[in-house]
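Trainee: Sequence:
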Amino acid sequence: MIKKFLILIAVVFTSFSFAQQGSSSPYSFYGIGSLKFKGTVENQSMGGLSVYSDSIHINLRNPASFAGKNLKSFSNEARPVKYTIGASHSDVEISSGQQTGKSSTTTVDYLAIAIPLGKFGAGFGVLPYSSVGYKLQSTDTDGVLQYKYRGEGGLNKVFLGFGYQLTDNFKLGMDASYNFGSIKNTNIAFGYNPEGEVLQFQSRESNRSNLGGLMYNFGLIFSKLITSNLELTASATYSPSSELTSDNSRTYSTIVIDPLTEQEFTVNSSEIDLSVSNLATTKLTLPSKTSFGFGVGAPRKWFAGVEYTYLKASQFSNRLLTIDNATYQDASTLSIGGFYIPKYDSFNRYWKRIVYRTGIRFEDTGLRINNEDIKEFGISFGVGLPVGRIFSNANLGFEFGSRGVNTANLVKENFIKFQLSLSLNDRWFEKRKFN
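The sequence shown runs 1 to 435 under the working numbering.
Everything labelled a hint here was simulated from the structure, so no lab data went into it.
In this text, all values refer to a predicted model and were calculated from it rather than measured experimentally.
Careful: at least some of the hints might be erroneous.
Claimed, not checked - As a list, the in silico EDC-like pairs of lysine to aspartate or glutamate whose alpha-carbon atoms are at most 20 Å apart:
(1) K38 - D91
(2) K412 - D373
(3) K119 - D373
(4) K148 - D91
Please construct the entire structure, taking both the sequences and the accompanying hints into account.
Mentor: Here is the structure:
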């Protein structure tokens with residue numbers, strides 16, 4: 001098992017490049033991109049619900065979940081070591097007025113491990129925080145091309161967290177994460193001669209930001225049997241606002257564009273001294289986030305819950321790139337979902353051990369463009385398929401939803417997202433029974 005752990009760590013650090021190319025949304029043009037992580041596949045299959053916590057799945061949104069009670073199946077001596085990897089594929093149809101387009105992305109979404117330490121528990125992993133990936137263009141009132149915009153990159157975060165079982169019903173935890181990555185934004189201005197013919201040479205502005213900074217997350221989980229077979233669960237998390245340090249560079253170039261391949265050839269370029277305008281190094285504020293939820297269910301049978309998340313997105317700021325028609329307001333998400341297991345300990349009916357999940361979410365992203373609020377909606381379904389031994393699962397999830405509007409010169413995105421994860425459990429250490 002130690003060998004498996006070392007292989008997992010190696011995969012973690014070689015997968016950063018996959019996590020950074022996780023968006024094809026025009027809305028990733030704004031801020032630090034589209035916020036990526038909405039939980040594990042298990043969470044997302046329940047509409048993003050992260051209230052529920054157990055001893056065989058990792059809950060990456062609440063560090064209190066790293067703690068837990070020992071399992072009866074382990075003679076009350078331990079809990080399994082949990083490790084997980086998740087990936088997704090999204091197909092997006094983008095519409096604006098009478099025009100439509102399609103795009104797709106495939107990404108590794110997270111890798112993590114949780115280790116029991118008596119009443120304590122520790123978790124470590126890496127996952128994407130935001131992603132930038134867009135290609136846009138603007139025209140004048142006559143439909144003549146004026147600018148082309150493109151962006152790529154995003155932020156990843158690596159985290160280390162601890163949880164503690166304070167009482168039989170109450171556990172708490174905290175994690176610290178380091179966000180890092182780079183974002184590159186490019187725009188090309190097109191010029192024309194008096195006859196309306198495009199000029200041979202065009203101007204290109206390239207901005208690059210290398211970002212890094214710490215953030216913290218605190219969580220608690222309360223669970224209690226309110227009848228002999230009905231359990232109440234409540235949870236809360238809080239992440240205070242934090243700052244990212246951004247080392248910035250800006251380059252102006254004269255380019256030639258091949259009309260057939262659209263490949264760009266640089267004729268000359270010059271790097272701008274941003275220190276003159278105090279923009280060489282800037283601070284970006286990441287907003288605070290609060291979530292709380294509750295649910296009820298029969299242990300190892302079914303669960304239904306609701307969760308509300310409040311993101312103070314109005315705190316966000318970026319001095320390097322300001323956009324006149326876009327502002328940030330406070331954001332929120334409402335998630336409703338749950339799961340059902342016909343019979344978790346059935347050993348002669350495989351389908352009865354399958355976990356069936358579903359959920360729905362309503363999200364106000366906090367982004368306001370051309371006086372329109374950009375909102376997101378999703379309906380999700382999923383199953384957890386038992387594999388191997390000691391409660392391991394292969395989790396499949398699907399989400400159908402939409403983002404934005406196709407009025408006010410904006411675009412609407414209709415997306416289908418397929419998700420796959422492995423939630424694996426094993427025992428590393430066992431007490432000796434005989435000397």
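Trainee: K148 and D91 were given as a pair; does the straight-line alpha-carbon distance stay at or below 20 Å?
Mentor: violated (23 Å)
Trainee: Does K38 pair with D91 here, judged by a C-alpha cut-off of 20 Å?
Mentor: holds (17 Å)
Trainee: Within a Cα-Cα threshold of 20 Å, do K119 and D373 meet the stated pairing?
Mentor: violated (45 Å)
Trainee: Holds or violated: K412 and D373, Cα atoms, limit 20 Å.
Mentor: Given that 20 Å is the threshold and the Cα spacing comes to 12 Å, the pair holds.
Of the numbered hints listed earlier, those contradicted by the structure are 3 and 4.
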